[in-house]
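J.: Sequence:
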Amino acid sequence: MKIKLYKSFYLLFALASIAFTACNKEIVTGEDPYAGGKGSLGIGFIKNYPNPSFAKPGELVDFYVKGLKPFIGKIDFFVNNTQVEVVTAQDSLVTIKVPMEISSGDAKIVVDGQVFYGPRLEIDGNASLDANYEMINGFRGSVSDILPNAGGFIVTGFFNNFENQAVETGSNRVYRRGIHFIDASGKTSTSMSFGRGIGSSGGISSIAKLSSGSFIIGGNFSTFNNKQVYGIAKLYSNGQLDSTIVDVINTTSNPKNSLDTVSSFNAGLFGGTVLRVFSVKDDKVMVVGNFDRYFKIDYDYSSRDNRRTIVTDAKHVIRLRADGSLDSTYMIKNEGANGMIMDAAMIDGERIVVIGTFTSYNGKPAPGIVCLNADGSVDPAFNLSGTITRLISVTYNAAQKKIALAGIFNGLGGNANIKGVALLNTDGSIDKQFVLGDVGTGNANYAQVLNNGRVVVNGSFTLYNGIGRTNMLILEKDGSLLQKFNAQAPFSGSISRIVETKSSTGEPALLVGGSISQYGVKTVGNFFRLEIKE
1154 MKIKLYKSFY LLFALASIAF TACNKEIVTG EDPYAGGKGS LGIGFIKNYP
1204 NPSFAKPGEL VDFYVKGLKP FIGKIDFFVN NTQVEVVTAQ DSLVTIKVPM
1254 EISSGDAKIV VDGQVFYGPR LEIDGNASLD ANYEMINGFR GSVSDILPNA
1304 GGFIVTGFFN NFENQAVETG SNRVYRRGIH FIDASGKTST SMSFGRGIGS
1354 SGGISSIAKL SSGSFIIGGN FSTFNNKQVY GIAKLYSNGQ LDSTIVDVIN
1404 TTSNPKNSLD TVSSFNAGLF GGTVLRVFSV KDDKVMVVGN FDRYFKIDYD
1454 YSSRDNRRTI VTDAKHVIRL RADGSLDSTY MIKNEGANGM IMDAAMIDGE
1504 RIVVIGTFTS YNGKPAPGIV CLNADGSVDP AFNLSGTITR LISVTYNAAQ
1554 KKIALAGIFN GLGGNANIKG VALLNTDGSI DKQFVLGDVG TGNANYAQVL
1604 NNGRVVVNGS FTLYNGIGRT NMLILEKDGS LLQKFNAQAP FSGSISRIVE
1654 TKSSTGEPAL LVGGSISQYG VKTVGNFFRL EIKE
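The letter at position 379 of the sequence shown is residue 1532 when you use the working numbering, and the numbering goes up by one with no holes.
One or more of the hints may lead you astray.
Capping the alpha-carbon separation at 27 angstroms, the derived lysine-lysine pairs in BS3-like fashion look like this [as the list claims (entries may be wrong)]:
| id | residue 1 | residue 2 |
| --- | --- | --- |
| 1 | Lys-1585 | Lys-1655 |
| 2 | Lys-1200 | Lys-1675 |
| 3 | Lys-1200 | Lys-1222 |
| 4 | Lys-1261 | Lys-1655 |
| 5 | Lys-1227 | Lys-1209 |
| 6 | Lys-1572 | Lys-1209 |
| 7 | Lys-1486 | Lys-1572 |
| 8 | Lys-1380 | Lys-1409 |
| 9 | Lys-1200 | Lys-1261 |
| 10 | Lys-1209 | Lys-1486 |
| 11 | Lys-1554 | Lys-1630 |
| 12 | Lys-1219 | Lys-1209 |
| 13 | Lys-1227 | Lys-1200 |
| 14 | Lys-1340 | Lys-1686 |
| 15 | Lys-1362 | Lys-1380 |
| 16 | Lys-1630 | Lys-1585 |
| 17 | Lys-1655 | Lys-1340 |
| 18 | Lys-1219 | Lys-1261 |
| 19 | Lys-1554 | Lys-1686 |
Label pairs and their in silico Cβ distance ranges [what the hints assert, rightly or not]:
| id | residue 1 | residue 2 | range |
| --- | --- | --- | --- |
| 20 | Met-1253 | Gly-1323 | 54 to 60 angstroms |
| 21 | Ser-1513 | Gly-1424 | 14 to 20 angstroms |
| 22 | Gln-1586 | Asp-1501 | 16 to 22 angstroms |
| 23 | Glu-1238 | Tyr-1202 | 19 to 25 angstroms |
| 24 | Gly-1323 | Glu-1254 | 52 to 58 angstroms |
| 25 | Gly-1348 | Thr-1542 | 39 to 45 angstroms |
| 26 | Glu-1629 | Gln-1318 | 37 to 43 angstroms |
| 27 | Asn-1618 | Val-1320 | 46 to 52 angstroms |
| 28 | Ala-1303 | Val-1674 | 32 to 38 angstroms |
| 29 | Arg-1474 | Lys-1209 | 56 to 62 angstroms |
| 30 | Ala-1284 | Val-1320 | 26 to 32 angstroms |
| 31 | Gly-1348 | Gly-1424 | 50 to 56 angstroms |
| 32 | Lys-1250 | Glu-1629 | 23 to 29 angstroms |
Just so you know, the hints here were simulated from the structure itself, not pulled from any lab data. In this text, a Cβ means the ideal position worked out from N, Cα and C, and glycines have one as well.
The whole structure should be built from the sequences, with the hints applied where relevant.
T.: Now the structure itself:
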């Protein structure tokens, strides 16, 4: 038996040797892919902080390094990709001078084409997160709108939690779906209660307060506090659904099914979602979105389980009465836009500026923007020229009477310098004073004029006029940038809404909501308060 095993072993060994030799004949040795590469220069940062860690433009800052001695005089030093002056360089210490135009960011040394990354330097400025704001985790999901109310703020969006407070199982359930009320310090306020809020999917895009004290919400949702609604609903001043009891057809033997509790605002939209709602006189509501039909429920011919709808063609912009019925005095059964609606803002005289990917509105030329008068007719004087690829957002500041547009366009109103962001007067003319600077290959997605005339711009860019500035700017009336308001970076996310307020120390501040994950080194839950000191 042993002899057979030995023979088998030697046979396998011989076969393996032959195979190895055969394989070796096929091997072709290529060139070393790393041959000719540069060896390590032995440079590195030996401490994970500079001294001081916070600095102002013009101040000196020390960085602790190693291995620089052979390369003194050949060092390029950067902070947030902005080159800075090297004042002195030793083998283990580099002293730099903070330039007058810069934002916070990581340091790096470049020597002989090789890059060595170092610690972050914070640049002091007058715009920073309010350190005493008590919101910690924020909203789990994006914020769409912020409405000041009763000393606090109603926040709406596509979120399902706030400060990790939601508990949707068990006997003590807490819901934070689509709408929530916070106090001035950023904490949950019990002054309003929205019950379950919207259902488990969708969100609330917009909210408006009516003269009666009630609220209108619009968006992509089908229930509110477990009651069926259709993308739009009316709430009492305490946050509960404005509801009523109606008689319905009872298809069962249970007499309780002869009645149903329903939304008193009898309205719904087919064909697309609601983007914006606006309150106008007589408790009426302007509704803007990508819908093409309005409907109401005929409860005389409805049961609890089946609704009879009465449908009317109504495209993109409609006006509703306080009970949800369609206002026939506003232009209805119109063609609307021949493309998608992206955003809308209400300006003076209850006029609505609508933007989107359309070229006509109600059969009239409209290059992605149209202004509708209070009766729904198109304002012919509000007609922009220029190369407009896409308009993304529109906002309005009543104090300054300025409309802010953001998107991909140039030469707006025949002005070659107007691109990316434009400020308009209420007659549709261009404010030629404001010119957005160079954002490189990036784009602006949002702009809003503040009450003092400054302009907040958000988008996807890393530079402004050649200096590292990430995605958020606070600009002057002419588009110039003051260093003191733009020292922090990076900003990660997109802004949907800004509301002016006061900080914990009484300074001017902004509540900023959107789909936002970071401001500077801080993680934010789609919402933060920015203090702006003059």
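J.: Does each hint hold? Answer for all of them.
T.: Quick rundown of the hints versus the structure:
1. Lys-1585 / Lys-1655: violated, 31 angstroms
2. Lys-1200 / Lys-1675: holds, 21 angstroms
3. Lys-1200 / Lys-1222: The hint holds at about 17 angstroms.
4. Lys-1261 / Lys-1655: Violated. Lys-1261 to Lys-1655 sits at ~37 angstroms, over the 27 angstroms cutoff.
5. Lys-1227 / Lys-1209: Distance ~26 angstroms between Lys-1227 and Lys-1209 Cα, so the pair holds.
6. Lys-1572 / Lys-1209: Given that 27 angstroms is the threshold and the Cα spacing comes to 32 angstroms, the pair is violated.
7. Lys-1486 / Lys-1572: violated, 35 angstroms
8. Lys-1380 / Lys-1409: holds, 17 angstroms
9. Lys-1200 / Lys-1261: This hinted pair holds, its Cα atoms lying about 13 angstroms apart.
10. Lys-1209 / Lys-1486: violated, 60 angstroms
11. Lys-1554 / Lys-1630: Roughly 13 angstroms separates the two Cα atoms, so the pair holds.
12. Lys-1219 / Lys-1209: holds, 25 angstroms
13. Lys-1227 / Lys-1200: This hinted pair holds, its Cα atoms lying about 22 angstroms apart.
14. Lys-1340 / Lys-1686: holds, 23 angstroms
15. Lys-1362 / Lys-1380: Roughly 21 angstroms between the alpha carbons, so the hint for Lys-1362 and Lys-1380 holds.
16. Lys-1630 / Lys-1585: holds, 10 angstroms
17. Lys-1655 / Lys-1340: With a Cα-Cα distance of about 15 angstroms, the restraint between Lys-1655 and Lys-1340 holds, given a limit of 27 angstroms.
18. Lys-1219 / Lys-1261: holds, 13 angstroms
19. Lys-1554 / Lys-1686: Distance of about 24 angstroms is within 27 angstroms: holds.
20. Met-1253 / Gly-1323: 54 to 60 angstroms: Since Met-1253 and Gly-1323 have Cβ atoms about 58 angstroms apart, the given range 54 to 60 angstroms holds.
21. Ser-1513 / Gly-1424: 14 to 20 angstroms: holds, 18 angstroms
22. Gln-1586 / Asp-1501: 16 to 22 angstroms: For Asp-1501 against Gln-1586, whose Cβ atoms are near 20 angstroms apart, the range 16 to 22 angstroms holds.
23. Glu-1238 / Tyr-1202: 19 to 25 angstroms: The hinted range 19 to 25 angstroms holds for Glu-1238 and Tyr-1202, with Cβ atoms some 20 angstroms apart.
24. Gly-1323 / Glu-1254: 52 to 58 angstroms: Holds: the Cβ-Cβ distance is about 55 angstroms, inside 52 to 58 angstroms.
25. Gly-1348 / Thr-1542: 39 to 45 angstroms: Distance hint for Gly-1348, Thr-1542 holds at roughly 43 angstroms.
26. Glu-1629 / Gln-1318: 37 to 43 angstroms: Check passed, 40 angstroms falls within 37 to 43 angstroms.
27. Asn-1618 / Val-1320: 46 to 52 angstroms: With a Cβ separation near 49 angstroms, Asn-1618 and Val-1320 satisfy 46 to 52 angstroms, so the hint holds.
28. Ala-1303 / Val-1674: 32 to 38 angstroms: For Val-1674 against Ala-1303, whose Cβ atoms are near 34 angstroms apart, the range 32 to 38 angstroms holds.
29. Arg-1474 / Lys-1209: 56 to 62 angstroms: At 57 angstroms between Cβs, range holds.
30. Ala-1284 / Val-1320: 26 to 32 angstroms: holds, 29 angstroms
31. Gly-1348 / Gly-1424: 50 to 56 angstroms: Between Gly-1348 and Gly-1424, where Cβ atoms are some 28 angstroms apart, the hint is violated.
32. Lys-1250 / Glu-1629: 23 to 29 angstroms: holds, 26 angstroms
Hint compliance for this structure: hints 1, 4, 6, 7, 10, 31 are not met, and every other hint is.
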